[in-house]
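Residue numbers (this note's numbering), protein chains in the order written: chain A, 19 to 425; chain B, 19 to 425; chain C, 133 to 419; chain D, 133 to 419; chain E, 210 to 496.
It is worth saying that the hints were derived from the structure and are not from the lab. Keep in mind it's a predicted model, so treat the numbers as computed, not measured. Just so you know, even glycine gets a beta-carbon here, dropped at the ideal spot from N, CA and C. Misleading hints may appear alongside valid ones.
[Unchecked claim] The calculated label-pair distances, taken between Cβ atoms and stated as ranges, are:
#1 B:Q159 with D:R250: 31 to 41 Å
#2 A:Q153 with B:G73: 47 to 57 Å
#3 A:R118 with C:I240: 31 to 41 Å
#4 C:A253 with D:W152: 54 to 64 Å
#5 C:I240 with A:E221: 46 to 56 Å
#6 C:I209 with D:A162: 35 to 45 Å
#7 B:R44 with C:L189: 41 to 51 Å
#8 A:P301 with B:D347: 31 to 41 Å
#9 C:S155 with D:L160: 27 to 37 Å
#10 D:G174 with C:I240: 50 to 60 Å
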Amino acid sequence: MTENHTEIRADGAYKVFGRRGAEAVRRLRSGSTRDEVKPLGTAAVIDASFEVRKGEIFVVMGLSGSGKSTLIRMLNGLWRPTAGSIHLGDDDLATVSPARLREIRRTKVSMVFQHFALLPHRTVLENAAYPLEIQGVPKEQRRERALEALRLVGLAGWEDSVPGALSGGMRQRVGLARALAADTDVLLMDEAFSALDPLIRREMQEQLLELQSSLGKTIVFITHDLNEAMFLGDRIAMMRDGRIVQIGTAEQILSEPADDYVAQFVADVDRTRVLTASSVMRPSRVVVSISGGPRLALRTMEENAASAAFVTDRNRVFHGTVTDTAVLDAQRRGDADLSAVVEPDTRQVHPDAPMSEIFAPAAESVLPVPVVDDGGRLVGVVPRVRLLEAMSQTTSLDATPSTEDSL
Amino acid sequence: MTENHTEIRADGAYKVFGRRGAEAVRRLRSGSTRDEVKPLGTAAVIDASFEVRKGEIFVVMGLSGSGKSTLIRMLNGLWRPTAGSIHLGDDDLATVSPARLREIRRTKVSMVFQHFALLPHRTVLENAAYPLEIQGVPKEQRRERALEALRLVGLAGWEDSVPGALSGGMRQRVGLARALAADTDVLLMDEAFSALDPLIRREMQEQLLELQSSLGKTIVFITHDLNEAMFLGDRIAMMRDGRIVQIGTAEQILSEPADDYVAQFVADVDRTRVLTASSVMRPSRVVVSISGGPRLALRTMEENAASAAFVTDRNRVFHGTVTDTAVLDAQRRGDADLSAVVEPDTRQVHPDAPMSEIFAPAAESVLPVPVVDDGGRLVGVVPRVRLLEAMSQTTSLDATPSTEDSL
Amino acid sequence: MNDPIIRIPVGSWAESAVDWLTSTFSGLFAFIKTVLGSAYEGLDQILTAPPFWVVVLVLAGLAWWVKSWKMALGTVIGLVLIQTMNQWDNAMHTLALVLIATVIALAIAVPVGILAARNDAVSRVIRPVLDLMQTLPALVYLVPMVLIFLTGAVPGLVATIIFAMAPGVRFTELGIRQVDREVVEAGEAFGASSGRILRQIQLPLATRTIMAGVNQVIMLALSMVVIAGFVGAAGLGSDVTRALSSINIGLGFEAGLAVVILAVYLDRVTSALGTRSAVAKAQTAAS
Amino acid sequence: MNDPIIRIPVGSWAESAVDWLTSTFSGLFAFIKTVLGSAYEGLDQILTAPPFWVVVLVLAGLAWWVKSWKMALGTVIGLVLIQTMNQWDNAMHTLALVLIATVIALAIAVPVGILAARNDAVSRVIRPVLDLMQTLPALVYLVPMVLIFLTGAVPGLVATIIFAMAPGVRFTELGIRQVDREVVEAGEAFGASSGRILRQIQLPLATRTIMAGVNQVIMLALSMVVIAGFVGAAGLGSDVTRALSSINIGLGFEAGLAVVILAVYLDRVTSALGTRSAVAKAQTAAS
Amino acid sequence: STDDAGSGSTSDGSGSASSEDETTVRIGIPSGWDEGIAVSHLWKAVLEDEGYTVETQTADIGILFTGLAGGDFDLMFDGWLPLTHASYWERYSEDLTDLGVWYDDAKLTIAVNEDSPAQSLEDLAAMADEYDNRLVGIEPGAGLTETTIDAVIPEYGLEGMDYITSSTPAMLAELSAKADSGENIAVTLWRPHWAYDAFPVRDLEDPAGTLGEAEEIHTFGAADVMERFPELSTWVEAFELSDEQLFELENMMFNDDAYADDLDGAAAAWLDANPDFVTDLKEAAQA
Ligand SMILES: Nc1ncnc2c1ncn2[C@@H]1O[C@H](COP(=O)(O)OP(=O)(O)OP(=O)(O)O)[C@@H](O)[C@H]1O
Ligand SMILES: Nc1ncnc2c1ncn2[C@@H]1O[C@H](COP(=O)(O)OP(=O)(O)OP(=O)(O)O)[C@@H](O)[C@H]1O
Ligand SMILES: [Mg+2]
Ligand SMILES: [Mg+2]
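Make a model of the complete structure from these sequences and hints.
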């Protein structure tokens, strides 16, 4: 990726709470551990370096207290790094003038706070309109956009309440509406959905993806919910004790965890939503060519001890399945090819389909589920046993193939 | 259940915020909706009636703003119901004397607050020891028990920090440790795990189950996490707009949702953790008696077109599996029974085993997974296709059996 | 007993300082005198010229507007009592003086308090100055002030402003410093300027504490009426002094009671203004 | 101008009330007089009997203990300055009076403030009473008080206590009312008695506001030195009055400066005590 | 140094309305000095009858001298010389006009209750116990106080007694309390004073003459009073009151309930009762 596609860049950023932060950084750099420098201060973020691309959703995960909030607060300059630098667009937040910093915050980056940080003396509407007020948006327009944001988060009708009269989740949504109303390119979201119920949460997640794809927002998102992280995150950064231990896509993190910590962290994830057909499929062994004729097809089936086969043409475009009995009939009839006996297979799935969508087709028939790409080509198959293996957490994903019959 | 096994009982409890609560209750009782009485006040809880048994984990779920926090706060008398009554043990919280209420709170019920409500001027240790201090526990013992509670929640080493220097999740854990240290029979937990990462959360959940089973604690638990609710809850109450719309076990809620709202609410649940072997198993058709002789066994297998069978004795105690070839051998040898050819089946699972634990055994062999109860009896089998059906959300759980081979 | 070993002539330095001040800044002082004097004269005219019941009705109306008809009724009763004690004119002189002193004291105190809240150095410097203003006996600077401003309302006003100002500063500072850090950060995070944060977040959230400070400013201003009377400011103070010299408890009590009635009225009005503030409203709604 | 239509003789009722009080409660008054008088005498002795440098060292030591050696140094400089202005004994008389008045005022004010914070009715009733105490000119009740206690330290003490008490009550109430509702609920939820909640939650969290009130109590007590001198209490007040009578700006300034030095010292000590409080520590740690 | 500010403001006044200068008289009334109050109000009544507009301002005596010297007033009727107000006279004589003596039998006294044992100051030292060992004084720094300290106490060996300086009201209050209870009391006092009528007190003899000869009460005017009020000045210069006239006037003003707090009413009533006073005065002025 080129420089001007990077929205946020952290270079060796440290944040140490306490009077003697600089000294702590020096020691950390020369190899001391977080615990060793504890007397000098709490090292909340240690040597964080990463880039977030424009239009990306970058998820940060990690144990409670691992430094996620501290990290995100450095990204809009609320907290200054003790060492290292943070770039937002072309601005180095450490050296930028206060006026420019304010401008950046007004126009470029907004934030959802972990503890909401609502203005208790203002109504819900006024809270949501606050960033617009600061941006100098005219009153009527401000009101409209704030109402729209409140509607998005499901708080229509509560405009005139004060935060003190709201439930926890409603307060969080006001914080969310406020950040959405600001309509900045970059959104920093610190456990923005943690107090939401699943229904609203699902809606919000989709909303966020929609925002990202239609408006190209760059989003840094802290969450503890693995499924949410996997669902939302283009890339996920795993933090531990102040350090970023792994950055990668959901599947990378899941299938190649950097260490035991990460592996354990993601153990509970709902794999059916994360793993896709392409990651569980196997090359199909029992493929016959539609133009190859019944005899050839039967031989292939016999060699693999299978009673059915997938049919493709010479471009590997998938045509459907044939059973041994049908092919035998064709052979008896003396058909030159299989086109008369091939049956279209409606169970076919896309390589990007999550596992959760493969269960139904898999249950319909004993045949493996064909995986077919955008070009209609058969790229692999998912035998039932693969699904079961992928679901069983004790079995690693690249376990040896089982003895089951598979095409 | 008899009266003296009920720990908490709510009878037609209402809570309306606002000056004209009584009037609002009157109207609600005579059929007005929540929105209609809005001008009189916010009806946060409407006509809530339920019982929580001793030693039960009672989970409350519902949309944000549906009245969960309000409900739980009425259970220890922090908020008084506008109408109706709340019983805690034998005490009616509405009429109990302030002194008795204090005693109840000291000895019987403790609470984890949604927004933590830590004492900002006290250290983590002092916060955790606070209930013990109130109970009049001697200092040394207090310290020990508080340290123990902090260790449980993974905050050992942070005793001397103040809440202001902790991350969000750490603060929540201090609130948790405080309630655990109080060591009361009843625990009220308002989104007690919402800010925790999955690792600590899993630990805490197990901790809670441990507490419940070993010490018989009664726990009322608010959560937004469906899996957590399903995992922890003996019973789950679903709230909507102030009303309790359904109370039932996880499986009841999942399989017989009272309305669309509930169904939608639980749509996202990770079924592998909720559904148990007993809920997906089927009666096994291919069961042969160990004492019945090879001939009988072969007949049974033929009738079902199966190449293997499960072997039980006359008490249905499970002995293992036999294959058709092995039985043929036995018949040839003239064995009187199957004991020589039966192979123990290591894949057997308990009826309460979550589905997630059935995937691995199911992947090992094409045979269905035998479900064996505590008495060693075969109570059913789980064919692979059942697993796949259960996982596919579009297919309802009592879909017609597929055409797959099954014993 | 404890005689000094060396005698530092602080006193005579002070005298020279006063002389120097008086001569150097005479223009400035003349200006202050004109401004304060005419402000007071104007307000005093407004309060004393109309028939007393007009003023009573206006003040009661104000009470009604900020709070309730009950408070308006209380106002009428209190003010009529002043009138029946024959203290009306004095009370109005005093009210004029207190109002002007309070407004000026607050106009200085609140900005200074804000500065002190935002800047630790300012806070450290200002604190002993406030101690000085509040505890240096007014009599000490009244004589120099008479040298500068002559007698009348102006030196009384200045002394009252000096004495009453301190709690305004202190409680503005305290109130702002007590505002939840995270809410201020929310303002920063959205790029609000510090002036905006001040106006829209810190001041509104500090209102209760600041209003308690304002209340103290008013109370202290009222407690200075006697001192103001000392330098010839008209008002209830002179009756109190007069009552004393003739051990006329009754008269002193009547004048004193008139002061208290004004105090209760002003206290109620300011505290009602305080509870009309956005925060207070929010808090009521939430309870 | 605005002559009263009917004349209500409030004044003479007050006089009768005073007469009645004086004769009815003479025993009580004698008791108060003895207690206050001997408390003052005792403390005064302690402060004036030893050589001045002993007292200076003790007070500087206190400053060191509550804050830092810098403050101790400042204390020494300030107190030695008082000594070199030949105001030592007066300053110690005043200090004794202010300390006793402050302690008693706080001993009454804090509980009353707590009551007012917990009970709206009490709050409503107490408020005008506080207005009265703070604004009824001391001279008005000093004369009756002299009738009861005769001249000397006691009426000065009583007047100081009355005048200085109000902010103690007000800011205790405000501080407690400002404590986050949820934290109090946490106390309730674990069955803490309201006394416990008060001691362990409300008071600690209200410390900063209460200490600001305490500071005001001290400042107001110090500002009463002149009035105390009026009824014969020894101290810096008499020099101020003397200076005024003889237009001796220098002397007045010296005595006034001594008051201010005491004020700054007491202010620093109390505010240092405030920041040593648990909350303040917690806040520092968190920042 | 006061000239700049003083004359500056005066010329401002005359410039704007020169015709009024002749008819508007500003009288400074000393608070706490009863004869001064009485005479000032008497003159107010007289001058208003003569068509003058009279503005009065009550202030502390020291303030009045300062103001008079600065041109803030035209007249002040209560200058005690040679002793009591010597310090003011020394300081401001250049800026004042002495308009002569209107009462020459004033004197400083030490007074005791009628039925007490001591007859002269010489007895007092020996009988100190009878008087509770207290000599109750007035303001520290007052001429009377200084004379007592500098002359009376050393001369008669009264060092053993507690000489309590407080204030005139406090002294009078204590006098009143002791008179009621029948206890013995010794106070510093002066003639003329209404206390002699109100309480059973008598002077102690002063064989050594430490309290000085009889004092004269002067009327002082501003520096330019003669030019601005040629006629009025001659009246004032001719003004005299006898013992009886003064006592009668003071009695009506301070001890007669009919004029409880209506000093102007009392003055008018006194003029009615003494119809010749004004004509005599004018005649004397012509002479
Ligand atoms: N103090 C209060 N004053 C007025 N209304 C309140 C107050 N607390 C809660 N409510 C209202 O009561 C309703 C229920 O609130 P409650 O806090 O019980 O919801 P909840 O189910 O806990 O939601 P969440 O999951 O968001 O915490 C909401 O509509 C809320 O606005
Ligand atoms: N204001 C502060 N003062 C001192 N230490 C702090 C402060 N804020 C955070 N810390 C410390 O920094 C570390 C990281 O905190 P941070 O809030 O970044 O964690 P987090 O990853 O956001 O955790 P959570 O998931 O619990 O919110 C913690 O050890 C915490 O104690
Ligand atoms: Mg965090
Ligand atoms: Mg809630």
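List in ascending order the numbers of the hints, as given earlier, that are violated by the structure.
9 and 10
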